[in-house]
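Colleague: One letter stands for each residue in the lines below.
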Amino acid sequence: MLTVDCVSRIFQHGKAGFRHVDFQLSKGEVVGVLGTSGCGKSTLLRVLAGLDPNYQGMIQTSAENPDQAFGMMFQEPRLMPWLNVIDNITFGAKRASSQQQAEELLETVGLAGFEKHFPKDLSGGMAQRVAIARSLLHQPEILLLDEPFSALDAFTKMQLQDLLLSIWEKHDTTTLLVTHDIDEAVYLCDRVIIMRGQPGQVESEIHIDRPKPRKRGDAQLAELKEEILKELDFTKT
Amino acid sequence: MSSRTEVAVTPSVKEKKKKRSFPFWKSNVFLGSLIPIALVILWELSSRIGWVAPHLLPAPTTVLEEVVSMAQSGELWGHIWITLYRVLAGFLVGTSVAIVLGAATGYSKIANQLLDPMLQALRAIPSLAWVPLFILWIGIGETSKITLVAVGVFFPVYLNLTSGIQGVDRKLIEVGRMYHFSSVQLIRRIILPASFPSFLVGIRSGLSLGWMFVVAAELLGASQGLGYLMVFGQNTSAPELVVGSILLFAIFGKVTDEVLKRIQTRALRWQDNMENAS
Numbered sequence: 001m002l003t004v005d006c007v008s009r010i011f012q013h014g015k016a017g018f019r020h021v022d023f024q025l026s027k028g029e030v031v032g033v034l035g036t037s038g039c040g041k042s043t044l045l046r047v048l049a050g051l052d053p054n055y056q057g058m059i060q061t062s063a064e065n066p067d068q069a070f071g072m073m074f075q076e077p078r079l080m081p082w083l084n085v086i087d088n089i090t091f092g093a094k095r096a097s098s099q100q101q102a103e104e105l106l107e108t109v110g111l112a113g114f115e116k117h118f119p120k121d122l123s124g125g126m127a128q129r130v131a132i133a134r135s136l137l138h139q140p141e142i143l144l145l146d147e148p149f150s151a152l153d154a155f156t157k158m159q160l161q162d163l164l165l166s167i168w169e170k171h172d173t174t175t176l177l178v179t180h181d182i183d184e185a186v187y188l189c190d191r192v193i194i195m196r197g198q199p200g201q202v203e204s205e206i207h208i209d210r211p212k213p214r215k216r217g218d219a220q221l222a223e224l225k226e227e228i229l230k231e232l233d234f235t236k237t
Numbered sequence: 001m002s003s004r005t006e007v008a009v010t011p012s013v014k015e016k017k018k019k020r021s022f023p024f025w026k027s028n029v030f031l032g033s034l035i036p037i038a039l040v041i042l043w044e045l046s047s048r049i050g051w052v053a054p055h056l057l058p059a060p061t062t063v064l065e066e067v068v069s070m071a072q073s074g075e076l077w078g079h080i081w082i083t084l085y086r087v088l089a090g091f092l093v094g095t096s097v098a099i100v101l102g103a104a105t106g107y108s109k110i111a112n113q114l115l116d117p118m119l120q121a122l123r124a125i126p127s128l129a130w131v132p133l134f135i136l137w138i139g140i141g142e143t144s145k146i147t148l149v150a151v152g153v154f155f156p157v158y159l160n161l162t163s164g165i166q167g168v169d170r171k172l173i174e175v176g177r178m179y180h181f182s183s184v185q186l187i188r189r190i191i192l193p194a195s196f197p198s199f200l201v202g203i204r205s206g207l208s209l210g211w212m213f214v215v216a217a218e219l220l221g222a223s224q225g226l227g228y229l230m231v232f233g234q235n236t237s238a239p240e241l242v243v244g245s246i247l248l249f250a251i252f253g254k255v256t257d258e259v260l261k262r263i264q265t266r267a268l269r270w271q272d273n274m275e276n277a278s
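As given, the protein sequences belong to chains D and F, one line each in that order.
For the first sequence, the residue numbers in full-length UniProt numbering are 1 to 237.
For the second sequence, the residue numbers in full-length UniProt numbering are 1 to 278.
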């Protein structure tokens, strides 16, 4: 689905960004990118999304329409404050038929009835739900999520993680999830890529074979978390 | 544990709009007019009793009588009409030029480097300094007056629009770039709506400056208009004419500003600010 081959993006004289990143995503896979802050994981997502064209290396997708292959969701909802919920969801839409699709997505994210509300009337969690719906409108083949729930409280976060699980079940969207929350990564992902260093490099990859939906208190996931913590090893520099 | 069922909240926007019934004496209209009414009564009394000389400050009733009699004779309407025409024409011209230049300097860096320093320098020139020059260049007719008003309107609109455009959240523009928007689409769908609040602030202060500049233009060479009435009143020692013109300026300034304010409130219902808080 997506092949990233030796991609680098360095700034500040080689002290920030990431270097020689290789990985592949297969169809329907959910892959997490974990790393300490400053290891370039968000930059990686920006490069993939086409927001940062100054990179070296090769990025290939097998998508039919590479221009619309990616959907992105940011840390903040980034809704247009002057548009109501439904217009925000259809914001980037080129076809008129997307109105009905938007209604369905609103239903999916649990906000039916909020069509005419402005973003100022929404809570942080609701706004992020709208952002999820907006990023899904194009039916992107690859969904890029940049720490999508890091600004939310613990309960809202869990609800939205489960929402993502139900969306994946329905749409089978290939997803790359950047996060610094290890629990989130082991709960949601089929595979976790661990990045370290400044500029960041891929340190290791961990497969998580537990079937989904998983239990949040699963003992095996706790072991995996232990392993990831060891990989990240905050005492090493 | 599905998350689809958890949002059972019903939308509540409509309920918020229900107005609570206020006692009249707490309403804005009443409280806002309390002090002005008291002052007018005090003024009337002090003129009647003779505390102030009526040939310097005539009583409000005298002013009102003068205005009414001029309105009845039809003389007043010509003055009002020509002043309104000058303000509105100057406002439209000034705003249009400001939109073009402000959009250019706000959006394009090179246009900003080329134009902005010059415009900022021109802004430093006091308004009245233009008058002799405009009269020399374009004569004493309508055009020079409208030009002067347009100059006054131009700067606030220009400054607010430019800073509004420059202040558009980069994060929102990135959303547009995710959708592969062209420059035109970015401007139309993100930059213009996002800078609209700032633009509205600009046209409101532009309009009030327009009223200021029309007085300057009419004081210095007009044969008609509310500003001319003031000069005429001064020359004929008719203070009621001067005070009446001032009042008319105040009324028209307030009314036109109120129109813009209404537009502003309606257009910016989406803003998360004190005014829209419920």
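Incorrect hints may have been included.
Stated by the list, open to error - Straight-line C-alpha distance at most 20 Å; calculated SDA-like pairs for lysine to any residue: (1) 215(D) to 183(D); (2) 171(F) to 221(D); (3) 171(F) to 183(D); (4) 109(F) to 125(F).
To be verified - Computed list of chain F residues with no C-beta within reach of chain D, every gap over 10 Å: (5) 48; (6) 110; (7) 133; (8) 175; (9) 176; (10) 178; (11) 179; (12) 193; (13) 194; (14) 250.
Treat the hints as calculated values from the structure; they're not laboratory data.
All C-beta atoms in this analysis are idealised placements derived from N, C-alpha and C, irrespective of residue type, glycine included.
Colleague: Does the claim that residue 193(F) lies outside the interface with chain D hold up, using a Cβ gap greater than 10 Å?
Modeller: 5 Å, violated
Colleague: Looking at residue 178(F) again, its CB stays over 10 Å from all of chain D?
Modeller: About 5 Å separates residue 178(F) from the closest Cβ of chain D, which leaves it inside 10 Å; violated.
Colleague: Since residue 194(F) was said not to touch the interface, does its Cβ keep a gap of more than 10 Å from each Cβ of chain D?
Modeller: 7 Å, violated
Colleague: Quickly compare the C-alpha distance for residue 215(D) and residue 183(D) to 20 Å and report which way the hint goes.
Modeller: Given pair residue 215(D), residue 183(D) holds - Cα atoms ~11 Å apart, limit 20 Å.
Colleague: Please confirm whether residue 250(F) is truly not at the interface, meaning its C-beta sits more than 10 Å away from all C-beta atoms of chain D.
Modeller: 34 Å, holds
Colleague: Run the C-beta distances from residue 110(F) to all of chain D and say if the shortest one exceeds 10 Å.
Modeller: Nearest chain D Cβ is 21 Å from residue 110(F), so the label holds.
Colleague: Taking C-beta pairs only, is residue 175(F) more than 10 Å away from all of chain D?
Modeller: 5 Å, violated
Colleague: With a cut-off of 20 Å on the C-alpha distance, tell me whether residue 171(F) and residue 221(D) pass.
Modeller: 35 Å, violated
Colleague: Are all beta-carbon distances from residue 48(F) to chain D longer than 10 Å?
Modeller: 54 Å, holds
Colleague: Hinted pair, alpha-carbon criterion (20 Å max): residue 109(F), residue 125(F). Please report holds or violated.
Modeller: Violated: residue 109(F) and residue 125(F) sit about 25 Å apart, past 20 Å.
Colleague: Are all C-beta atoms of chain D more than 10 Å from that of residue 179(F)?
Modeller: Violated, because the least Cβ-Cβ distance between residue 179(F) and chain D comes to about 3 Å, which does not exceed 10 Å.
Colleague: Verify the proposed pairing of residue 171(F) with residue 183(D), using a straight-line Cα cut of 20 Å.
Modeller: Roughly 28 Å between the alpha carbons, so the hint for residue 171(F) and residue 183(D) is violated.
Figure legend: structure checked against the earlier numbered hints; hints not met, in rising order: 2, 3, 4, 8, 9, 10, 11, 12 and 13.
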